[in-house]
Structures are given as C-alpha cells and as structure tokens.
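Trainee: Chain H is fixed; fit chains D, B and C onto it per the hints.
Chain by chain, the residues:
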Amino acid sequence: MTAATLAGFIGSALVGLGLYGLITDPQPIRKILGFNLIGSGVFLLFGIVARKGAAAGFAADPVPQAMVITGIVVAFSASALAIALVLRLYEVAGPVSLRSEHTSNKAEK
Amino acid sequence: MNDFFLSAAGIILFTVAVGLVRVLSGPTNADRIMATQLLGTGGITSLLLVASATGVRGVDDVALGLALLAAFAAIAFVDNVAAPDSDTSKGDRTE
Amino acid sequence: MNAAPIASASTAGGSLLWLAIILPVVGILASLLSGGRHAERIALLLMPTGFGIAIAIAIFLWRSGQPLVYVIGGFNPPLGIALRADGFSAVMLVTTALIVAAAGFYARAIFATPPGITEARAPLTFWILLQAIWASLNLVFLGGDLFNLYVAIELLTFAAVPLVCLDSRAETISAALRYLLFALCGSVFYLLGVALLYGAYGTLDIVLLSDRVSSEPVVWVAAGLMTAGLLAKTALFPLHLWLPPAHANAPAACSAVLSALVVKGSFFLIVRLWFGVLPNVPHEAVSFILAALGSAAILFGSVLALQQERLKLLIAYSTVAQIGYLFLMFPLVQGPNLWVAEAWSGGIMQTLSHAFAKAAMFLAAGLIAESLGHDRIRDLRGIGAVMPMTLFAFGLGGLSLMGLPPSGGFLAKWLLLKASIEAGRPIWGAVMLSGGLLAAGYLYRVLAPALSSDILHLKAPPRRSREAVALALALTAIALGFAPKAFFDFLQIGRVAVAGGSS
Amino acid sequence: MSILQILDIGLAGLVLAVAAWTVFARDAFAAVVGFVAYGLLLSLVWVRLFAVDVALTEAAIGSGVTGVLLIGAAGRLRKLEASGGDDELPGASLRLFAAALCIFVTLVLAGVVLSLPDPGPTLAPEAARHLAETGLGNPITAVLLSYRSFDTMLEKVVLVLAVVGVWSLAADQYWGGAAGNPRGAEPDGTRALLAQVLPPLGILIGIHMVWVGADEPGGAFQGGAILAAMWMITMMAGLTEMPSIRSRLLRLVLVAGPAVFVAVGVAGVAFASGVFAYPTGFAKPLILFIEAFMTLSIAVTLPVLVAGPPKRLRQQ
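Protein chains in written order, with my numbering: chain H, 106 to 214; chain D, 20 to 114; chain B, 2 to 504; chain C, 2 to 317.
Check before you lean on any hint, since a few could be wrong.
Taking beta-carbon pairs under 8 Å as the criterion, some of the chain B residues facing chain C (in silico) [unchecked claim]:
#1 I23
#2 I29
#3 G117
#4 G425
To be clear about the criterion: a stretch of chain B counts as covered by chain H if any three or more of its residues have a C-beta under 8 Å from a C-beta of chain H, and this derived list gives those stretches [as the list claims (entries may be wrong)]:
#5 155–162
#6 197–204
#7 378–391
Source of the hints: derived by calculation from the structure; they are not laboratory data. Ideal Cβ positions, reconstructed from N, Cα and C, are used throughout, including at glycine.
Only chain H is shown next, with the shape it has when bound in the complex:
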C-alpha cells in the first residue's frame, strides 16, 4: 500500500467524519470544525491526485498542489467569517437564542 493510497483512505474518512460532525453537532463552532475536516479531506484527495500525476521530474503534479494552497486560504477566510458571525450572534442575543437556533436546526433536519 503506497502513501498515496493510504492518503486516499484518510481523505475519504476525513470527509465522512467532518460531515458527521457538521450534521450532528449542535454547536456552531463544532460545525465549523466539521467543515474544516471535510475541507482538509478534500485537499488530501487533491494531494493523491497530484501524487499519482508525478511526471517530468516532479514528484507530484504541481497544478492540484497549487489548487490546494488556494483552497486552504479560502477555507481559512470562510472559518474567519463564520467565527465572526457566531461571536456576533452571542453578543447580540446571548446563548439563549443560540439554543433556540439549535432546536430549530434540530427540528428541520
């Protein structure tokens, strides 16, 4: 089993784990963590695609690697915006309304 195959398994499992956290965890910050786990799983899949594309003297295809770098920065920006929203919600409404947000989330899913 090569490192790339193994990374493929990790990536797939990370997507599943993150999705589980995103769906089941009521706390917004945990949902953000879940989103980040899915994101890094997806990036790993790009990574094995890159590794399988090793050619021309490069140990990995540079194009998917560059896409992962772009993706990591975008994912960070997304986390920052999401965290700012969560904190603002707490400031404006306090934990009480967030709890009702949870219950409404639950009722809908």
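Mentor: For chains D, B and C alone, kept in the frame of chain H given last:
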C-alpha cells in the same frame, strides 16, 4: 541508514501518540495544549527524519515553520486562558 | 446552431470577457481603499460601464454566432484558464448588470452615508459587496474552468452572506450563519467533485472535459457531489431551509439581488455541469430526479407561501417555488429532439423573467415595509390607493410569476409546457400549471386586501424614483413576453447538443 | 512490509484518531486543541505525498492561524456562555442516519479514489515545458503566479471580501475603531520575552520562505502566514495594537496585494501578449514584485481576520 532514520521517526511518533492520548484527555486545558506542544516537537523531529530518509527537498523550512507555529499556538492559548478579564466585548452586548 | 465550441483560441471581442470581471474587482478594491461616500460613487459610476460591456459582449456574440473565448495569460487550457461566453452567459450578464444597477439606484436612499460622518458600517459594506456580487456572478457566467468557477462561487458566498445581516439583529445574524454553513458545505462538495474529475481526466477546462468524459463511476460520483453542493446553494427543495429567513430578513435591495441573481449563479453552474461538461454522458435518471425535486419545490414552496403572514416571507417562499421551475427543463433538454431548443429557451426565459419579476417584487415590498413600518399581509388593506405605483409593480411581477400573458413568465412556461407535451411527458406540464394556480392563490392573498377601499395612513410616502425602479424591473419582466424569435436564436448560441436516448 | 509503510499506517491511524477526537470530544475547547494537533499531523502526511509547499501552507494557515482563530473563539464562547448545557446532541435516530450517510460517503469516495488511474493524467510535463518562460524553479509558484494567476488574484479578492464581511459584523458605534483588546504593561514576562525573541527570527524565516519560493518550496502564502503569526504574537504580548479599521495605511496594505496583481495583469495587455501575461524575460522580476506585495497583504489580512470586527474606539 534510511531504515534507522525511519525506525527512529516511528518510535518518536509512537511516543507522541501515547503522550497524546494521555494529555488530550485533560483534565485541564493546559494539559491539552501541552499535547500540541509535545506533538510540535515530536512531529518536527519525525518530519526531518522521514524527509531525509525519503529524499524530499525543502523540508527544513516546514520544520522551522512548525517550530514557530507551535510556539505561536501556545502563546495564543495562554492569551485566552490566562487572561480571563481581557474580554471587552461585554460592553456591546446590550445594543 | 449547435456549433462545436472552440476550445482554446481567443476570439474577436474576447477582451471584453476579462474586462467584465476585472472592472468590478477594481471597484471593490478602490471602494475599500477610499471608503465612505466614495464607495457609493465608484459603484454607481461603474454600473453603466459594466452594462455597456455586457451589451457589447452580446453584440459580438450575435454578430459571430459563435461563443466568445479569451485565453488568460496566453496559457491555453488545460494548463491555463479560458473564459467563454455563450448565449446563456450573455443574457445573464446583461440581466445581472441591470438588476445590480437597479438595486444600487434603489438603495441610495437607505445606504447613503449619513451627513456629518465620513464613513458608516452598513453603507460601506453594502456598496463593496454589491460590486462583489456583480464581479463573482460575471465570473460564474464566463468561467471556463471548473476550479476557476470554484473560486467564483466562493467569492459569491463571501459577497452574499454579510448582506443578509447588515441590520445586526439576532434573527438576521442567525439566518446569515445558517446560509454560510449551507453555502460552505455546498462549495466543499463541489470542490470534491472537481478533485475527482481532475484525477480522472487531468483537466478542468469545460470544453476539454466534455470531450474526454465518459460514463463511468468516477464521473457519476463527481457529478453527484458537485450537483448536490450546487443544489444546496441554489436552495432547491429539500435544501431550501436557509433561504426564506435569509432572503426575507435582509434589506430589500439585498433581498432583490439575492433572490433574483445569487441563487441563479449556482443554478447556472448546474446547467453548465450537465449540459457543458457532461453532454456526452446520458443523464436521464438524474434529469428525472432534478425535475421531481423541482416539482416538489413548486408545490411545497407555493403552499408555504400561501401560509405566510409577512409579505417578504411570502416572496421568499415564492422564490423556493420558482426555483423549482428552472429544473423542469432538465428532462426536456435531452437528445437531438425538436423540442430541445424550446425547452432550453423556456428554462432560460424562466431564469430571466423570475430575476426581473422577483427583484421588482422585493423592491416593492421594501417600499411598502418602509412606508408602513411593517409588512404584515393582513394589515395591507388599502395600500393600493396610497401606493398605486408600488402595488402596480408588485402586481406586474406577480403576473409574470403566475405565468399569465403577456409576460416573460408566460412565455417561459408556455415553451416548457409545449416541450413537455411534444416530448410525451405532460406530467411536467401539469406540475407547471398547478404551480401557476398556487401562485395565483398566494398573490391573490396580497392583492385582494391591497386593492380594498379601506383608508390606510403611511408613515412616509415612498420616493417616486424608487417606485420607478421597481416598476421598470416589473415592466422588463413583462416585456420579455414580447421577445422576438431572434432572441431565442441568440439563446441557442454555443449550446452543446446533449447525447442520450430520444425516448 | 517495510518500515516506511508501518510508519505511514501509524501516521494515518494517528491522524484519524485525532480527527475523531475533534468530532467526538465533549468539550468544544478540547475539540479545538485536537484540531491544532490534527493540523500538525496533516503536514506530515503532506510531506509523505511529496507536497512540501502544501505541507508548509497547511502548517502555517490550516493549522497555525486557523488554530489560533478557533482557540480564541472557543475561549470567548466559553466565557460568554456561563450556563452552558446547550450542547445536547440530536436524537439517536438522526445520529444513526447521519452515521450511515457518512460511512456511505466515505466508502464511495474511497472506492472511487482507488479506481483513479495510477499513474494518472497530469499537467506536470506541461508545467515543466513552460517553466523556463517564467524563470522560476518551483513549478507550484509558476502555477500560482503565472499559468493560473487569475485564480490566485481572485483568491486575494476573497480575502478582501472576508475582511469586509468580518468588519461588517461590528457594532455601529465602534465603526472606525479597532479590534482586539487594549492591554497595559504585561505583568506576565514570559509572553513579552517570547514576543521579543520570536518575531525577529520569524520575520527572517518568513522573508526567507517568500524569497526561496521562486525556486524551492515556499512562497507568498507561507511566508506571509509566518509574518502574520509574528505580528499576532507581538499583539498578544501587548507590544503592538491592531490599527483602526479606518486607517488609510491599513487599508492600503490590505488591498495592495490584489491591486498590484491586477495592475500588473492588466499591464500585460499593453506590454505582453494579453491580460495576466508577462513580457518575455520580465516574468521572474514581475512575479517577485507581485509576491512582495502579496506577502505584505497576507501578513496583515490574516491577523485582521483573526482579530475580528472592531470592538472599541481607539483614540477617545
């Protein structure tokens, strides 16, 4: 030689993993943040060992970066836990 | 007209494509840098220019009858990125330029920087993000590379979400947070599909991919993930939960742009995916599922719209329903059949007419809410007498939603209905007709009391110019009903023939 | 089975275990700490995939700066929610359904990923063929700043929009103020000491990473992120402060990266073969020029995003 490097890396990673189990479970958050510090140093070591065994170039910079960032995470943690009254946001909760 | 698209050579007028994207990007950067009132001035100044560029793209396209292409940096796909404009892109560019400009002009009254202050939060955010929505939509309509389009939908998310909660109420912040989580989840699944396609074919260029893909598991998984992600962003039933609170509680100018345009961005990409990337992969089952979800959306959204107490929520649920119509084109645009062109035109027509009608209705509802201080439907009795122009705009928009002639909505539904009958699948036509009846029902709930002779007192009468903006949009939705045949020929430019059984 | 394979499997198990910890840990703060550890481990995986540039980015941004963002948020949330008790999980049936769905997704993905051709299709030869035109030695920098520079420029615009979005969540009365906590002289000497020792070192490493990025792993993102981390350390120690969001200099630095990028790109119409093309022979200096401004913008944007919306008026 490579096998030696890799075995060393493996042993370090193993000790880190064992340590991780112990410290991530707490009881306090200070314990937990120590886990990442442990992982930082252990990770850097095994990283350098693996890199030199597999012939990946440019890993020294990753190691440098990891070392800096592990310290950075620790400071951020202390900043949040050790300064409980630093939260100035309470003021605008009423608006 | 099914011209084979040119893969990789810049065409005449190609430079207009990057200009359409870079212009609002420059506006964003300049607005943040100079801040305050300058942001508003820059945005309003760029809008006519951007509209001119969109029109110029349409003219070039019309003259050549071929898609416009621009290869960025001189690096041909698959290594580099190409921008492409077909008939669908061009009409979306023009629509976006018009609606963004209308929303901007309308919003001047609300998002002006107050006198005596150099800069205020909501105005600066609004003017920058309005340009950002415009830039990212233009990129969505022109991008020829799936990863470039990923960046486009992320830009769109970052532009759209903060507009929902400009008023800082707990309700809107919570709606924005939910919107963001749905949108991020959608993008990440889209990106997952992109990774798989690259792994299988080594290119992300839409035209190159369409040549290389074949019907195999990796393509189905990738396309399924991308479609699911984009559906979450388009808010197709049952992934619509985030839409009503976000669209109904945002400021009216933002609601108009979000409902009319932003959800269409991800819909456009679903069309691109199935008809641009995967035309050679038969997808009747998928088309059936999409159309079935669309039908469910029409019925479910309309029934919920019937039950709403607030005008803006009613309009938001109507968006849930109207999005459903868009997906009815999928099973009808299959194979080399005669009705395919009709169904294609009908789907695009629905996209355009809903955009104009819905923008008009949200702007009208915003004026009503401002003038009354609320938007409770049961307290709208007599509004027709005191705000006739606003109500007229609302009613005309509603006419198009119901699909009554003469209107763009009528033409769209007529074309789709015709195609569904010719294709021997009248079931989709039946859904459309019942959706029209339900729309008539929820609009009647608003119009009947509004036209009653009760006396209603306004807190402040609306500004004529803002009423005119809403009316102009509604009239455009009506005018689309008079589109000549040449317009439908234009929509076919660059359409790729879809493989699959003729059934 | 070779030692390397055992090592790989051990690493994979460790990554998954820590990831599972972040999902299942009872306490949000503990989960966040797990996430930081997870990011560190992930950079090891990236090195094993021979993607050192990505490993650097993951370490710096994915784990480092994102970790600090999340630690800060988890800490503040914990202080704000005194009562707690709102983290009850949804019902068992939903969790079961979610688990089934996630396992299904994982299995399908794993199956598809394993079926991908190996060696797979690749653009590496194409990238190598044009590398000489750019004068660069690192193909990833060539992709980011030449072949697909349009994506990279737009991604910088994403960062700018994120800043606008985060700032838009300020309370109206603090508009024009600054984010972060004002601090007096620090009683705690350790942080101050670290804040004096680390940054000079970090700045050197950051600039080094940008500079070598042209030929070796590294680049504007990684270097910028290290610089950002250093600035944040000095802020945490109370040595520096977040500037006012209305500061002209701050805004200039925030937009400088994308603005210079766009300017050079559009200049390509006049001086090269088209937009975002570089004139022959000038590619490398222009790329380094753009990267310098991008690094500066990133070094400032990341801390601004972590700091959040303005929370106080600075001078009053």
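Trainee: Are the hints correct? Go through all of them and say.
Mentor: So, going through the hints one by one against the coordinates:
no. : hint    : verdict
1   : I23     : 6 Å, holds
2   : I29     : 7 Å, holds
3   : G117    : 13 Å, violated
4   : G425    : 34 Å, violated
5   : 155–162 : holds (count 4)
6   : 197–204 : holds (count 4)
7   : 378–391 : violated (count 0)
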